[in-house]
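Chains as they are written, first to last, in the numbering used here: chain A, 1 to 279; chain B, 1 to 471.
Note that these hints are calculated values from the structure, not bench results.
Just so it is clear, the structure is predicted and the values come from calculations on it, not from any experiment.
Treat the hints with care, as some may be off.
Derived coverage of chain B by chain A (criterion: at least 3 residues anywhere in the stretch with Cβ under 8 Å from a Cβ of chain A; other residues may be distant) [said to hold, decoys possible]:
1. 105–113
2. 169–183
3. 233–245
4. 261–269
5. 406–420
Mimicking DSS-like on lysine-lysine, the simulated pairs with C-alpha atoms at most 25 Å apart in a straight line are [said to hold, decoys possible]:
6. K105(B) / K3(B)
7. K237(A) / K3(B)
8. K357(B) / K264(A)
Here a beta-carbon is modelled for each residue, glycine too, at the ideal position from N, C-alpha and C.
These are the residues of each chain, in order.
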Amino acid sequence: MEILEKSVLMDTGGTRVTKIVVRVPLVAPKAEPGQFVVVMVEESGERIPLTVVDTDKQKGTITLIFQELGFTTKLLGKLNTGDDIYAIAGPLGHAMEIKKYGKVILVGGGVGIAEIYPVARALKNVGNHVTTILGARAKNLLILEQELKSVSDELHVATDDGSYGKKGFTTDILKELLTNDSKPSAYSLIYAVGPIPMMAKVSLTSKPYGVKTLVSLNALMVDGTGMCGCCRVTVNKKVQFSCIDGPEFDGNLVNWEELQNRSKIYCKKEDHICRLEKT
Amino acid sequence: MKKVPIKPQDLDAQKRIVDFSEVVSRYTEKEALEEAARCIQCKNPVCIIGCPVGIDIKKFIAQIKDKDYKGAYLTIREKNDFPSMCGRVCPAEYQCRKKCVFTKKDLPFASENAINIHFLERFAGDYGMENNVNIPTQKNEKLSKFKVAVVGSGPAGLCCAGELARLGVKVVIFESLHKTGGVLAYGIPPFRLPGDVLNAEIDCLAKLGVEINTNVIIGKSKSLDELFSEGYSCVFLGLGAGTPSFLKLEGESLCNVYSANEFLTRVNLMKAYEFPRFHTPINIGKSIVVVGGGNTAMDAARVALRLQKINNIPPNVSVFYRRTEKEMPARRLEIEHAKEEGIKFRFLTQPVGFTGKEGCVEKIKCLQCKLGEPDASGRRRPIPIEGSEFESDCDIAVIAVGLGANRVLTSVTPNLKVDKWGDVTVDSETMETSIKNVYAGGDIVGGEGTVIEAMGMAKKAAAAIIKRLLS
Numbered sequence: 001m002e003i004l005e006k007s008v009l010m011d012t013g014g015t016r017v018t019k020i021v022v023r024v025p026l027v028a029p030k031a032e033p034g035q036f037v038v039v040m041v042e043e044s045g046e047r048i049p050l051t052v053v054d055t056d057k058q059k060g061t062i063t064l065i066f067q068e069l070g071f072t073t074k075l076l077g078k079l080n081t082g083d084d085i086y087a088i089a090g091p092l093g094h095a096m097e098i099k100k101y102g103k104v105i106l107v108g109g110g111v112g113i114a115e116i117y118p119v120a121r122a123l124k125n126v127g128n129h130v131t132t133i134l135g136a137r138a139k140n141l142l143i144l145e146q147e148l149k150s151v152s153d154e155l156h157v158a159t160d161d162g163s164y165g166k167k168g169f170t171t172d173i174l175k176e177l178l179t180n181d182s183k184p185s186a187y188s189l190i191y192a193v194g195p196i197p198m199m200a201k202v203s204l205t206s207k208p209y210g211v212k213t214l215v216s217l218n219a220l221m222v223d224g225t226g227m228c229g230c231c232r233v234t235v236n237k238k239v240q241f242s243c244i245d246g247p248e249f250d251g252n253l254v255n256w257e258e259l260q261n262r263s264k265i266y267c268k269k270e271d272h273i274c275r276l277e278k279t
Numbered sequence: 001m002k003k004v005p006i007k008p009q010d011l012d013a014q015k016r017i018v019d020f021s022e023v024v025s026r027y028t029e030k031e032a033l034e035e036a037a038r039c040i041q042c043k044n045p046v047c048i049i050g051c052p053v054g055i056d057i058k059k060f061i062a063q064i065k066d067k068d069y070k071g072a073y074l075t076i077r078e079k080n081d082f083p084s085m086c087g088r089v090c091p092a093e094y095q096c097r098k099k100c101v102f103t104k105k106d107l108p109f110a111s112e113n114a115i116n117i118h119f120l121e122r123f124a125g126d127y128g129m130e131n132n133v134n135i136p137t138q139k140n141e142k143l144s145k146f147k148v149a150v151v152g153s154g155p156a157g158l159c160c161a162g163e164l165a166r167l168g169v170k171v172v173i174f175e176s177l178h179k180t181g182g183v184l185a186y187g188i189p190p191f192r193l194p195g196d197v198l199n200a201e202i203d204c205l206a207k208l209g210v211e212i213n214t215n216v217i218i219g220k221s222k223s224l225d226e227l228f229s230e231g232y233s234c235v236f237l238g239l240g241a242g243t244p245s246f247l248k249l250e251g252e253s254l255c256n257v258y259s260a261n262e263f264l265t266r267v268n269l270m271k272a273y274e275f276p277r278f279h280t281p282i283n284i285g286k287s288i289v290v291v292g293g294g295n296t297a298m299d300a301a302r303v304a305l306r307l308q309k310i311n312n313i314p315p316n317v318s319v320f321y322r323r324t325e326k327e328m329p330a331r332r333l334e335i336e337h338a339k340e341e342g343i344k345f346r347f348l349t350q351p352v353g354f355t356g357k358e359g360c361v362e363k364i365k366c367l368q369c370k371l372g373e374p375d376a377s378g379r380r381r382p383i384p385i386e387g388s389e390f391e392s393d394c395d396i397a398v399i400a401v402g403l404g405a406n407r408v409l410t411s412v413t414p415n416l417k418v419d420k421w422g423d424v425t426v427d428s429e430t431m432e433t434s435i436k437n438v439y440a441g442g443d444i445v446g447g448e449g450t451v452i453e454a455m456g457m458a459k460k461a462a463a464a465i466i467k468r469l470l471s
């Protein structure tokens, strides 16, 4: 699976977000917004899920955008145009149901912005009124603003430090929108992807307004086909597998504390392998 | 005739738990000859009835006795393409050996005196593999124009592919993982089935012209309809029992509570025991509890013990099982090996929940049981004793209580009929599913079974596919 294009979307203060276009003829014609692939960088690598951000069905390529955060994403970031990725399988998970909802709000935080892009575009294409809220720690960490703008009717940005857009969090903007809205709300759907605390807070914020809130979870996975149960998450008190039952769930039914804990299972191991890499 | 059964040499228990080397040594030639000589060559060899693929056991043992090892290998290969594998993982004590005339009547599994058919099979299999014994093919010109797709490269898929390819059918296997072998690769640890043995037997298929495509998820990357439009005449589904069952107890989603599938996949397929050289991590603790009594539980426990040893943690692995040793579905040999290696067993123990600290499991809560009347499985039912609740340290738990059907393909193929468990429904004579020209076998049909049972179903399906292609 050859990398045909590579570009660094953002590289500042130790945070790097990279975009690659990879030839995966089996996945490209099939992948729909909201689906992911399992990637193995090399034969000795681990299997990680990455959202399919874009596809070129004719050329048989998919676009992946990832923050070089852990060992494997850093390793993937070291590959260049012309290099081969050992394995990519998919598309996995359910696709987002694309239909006319009416007024929708998309919330993207950090690299989650890349993941809401295909959904925003698809929702816009079928005639929804799309309001997008993007969040980043600071202006120079914001990605894909222009791309999202082009598929949104309204776009809001929040930065933690106030260096761009509104100072504060995506949820501050979300709350404002919902508060200023008619009652019952004119919005029929909120779709959020980002760090776990952000998705939890989005769900909490929207709950009193009764707007359906979908989140796309990024649980740890191994096979990605329902075989191992690593990605299990408790939704409405029932154990679900993110890979085959998700990755989308109703944000108000997710046990966020458990998900947050489970996402850190291998932190120590991760530190260890990353330290080794440096020495 | 020598009465005492010959046991192959096992690696010393204390020495073998420091790595993942194969535990059971192969028979030496002398041992094989002695064991083969114990076979009395019954006029009516009932052992063959006990073999799900009907290997001519009497004949291959006689050939070993006559030192015709090549002949023995070819005799087995007439019915089974994977003698080195099956000789290692078959639960022979419930199959051929149970039928052996040396097994006392009415025992739940073979007597120790029963001929060690599996060890002899492995001896012949390894001989054939190492001496590159060629398998005569019976290519049928009429079949060479047909293409058959096999979905899944576990025991059922591999077996079906071999049967068809041998007759000249063009076979393409689609595997969703990055490696071939299915449960043989992700489930069975290398100390029971070394990777090179598995790969050698898979290579035999490649020599027969079978093409293997990894990283293809049928149902996601391609649909069944697309396979037919690509020119495949028939499709065989060997999807496996890919969904781990959990106990549905409180605290089961705490960190470090693993399904056996995840635990074993991380270690066997992803090689977490070589972390960080291999990048997939696994956590290992001081008090490991494995819940269950089958082969998977034994594998998980023995893997866990090795991981402790490799990480310089004093070995402390316990198997909690709600019945007694006699009812354990695991192979007797695995139970014996586990005990030798220092695995502790707590029988009549039923978990009722887990408690943790900071999101990680810390204790397992259990009830003591007693045995009641036999249940539907014929085994005595465990009955929890009121007020017997106790706690035990547990910083890693592995849940090995069975598997359900893999639903990736069946959930997107509505006209493929499944039963209430999600298993694919088939015609028991032909293994054909509710979709014409789509056949199925292995765990996706019968629920969890053994490698050789899966192969038995695959052979039946292959025969029906051949019949269909020729009609």
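Here is what the structure says about each hint:
no.	hint	in the structure
1	105–113	violated (count 0)
2	169–183	holds (count 3)
3	233–245	holds (count 3)
4	261–269	holds (count 4)
5	406–420	holds (count 4)
6	K105(B) / K3(B)	18 Å, holds
7	K237(A) / K3(B)	59 Å, violated
8	K357(B) / K264(A)	14 Å, holds
When held up to the earlier numbered hints, the structure conflicts with 1 and 7 and fits the remainder.
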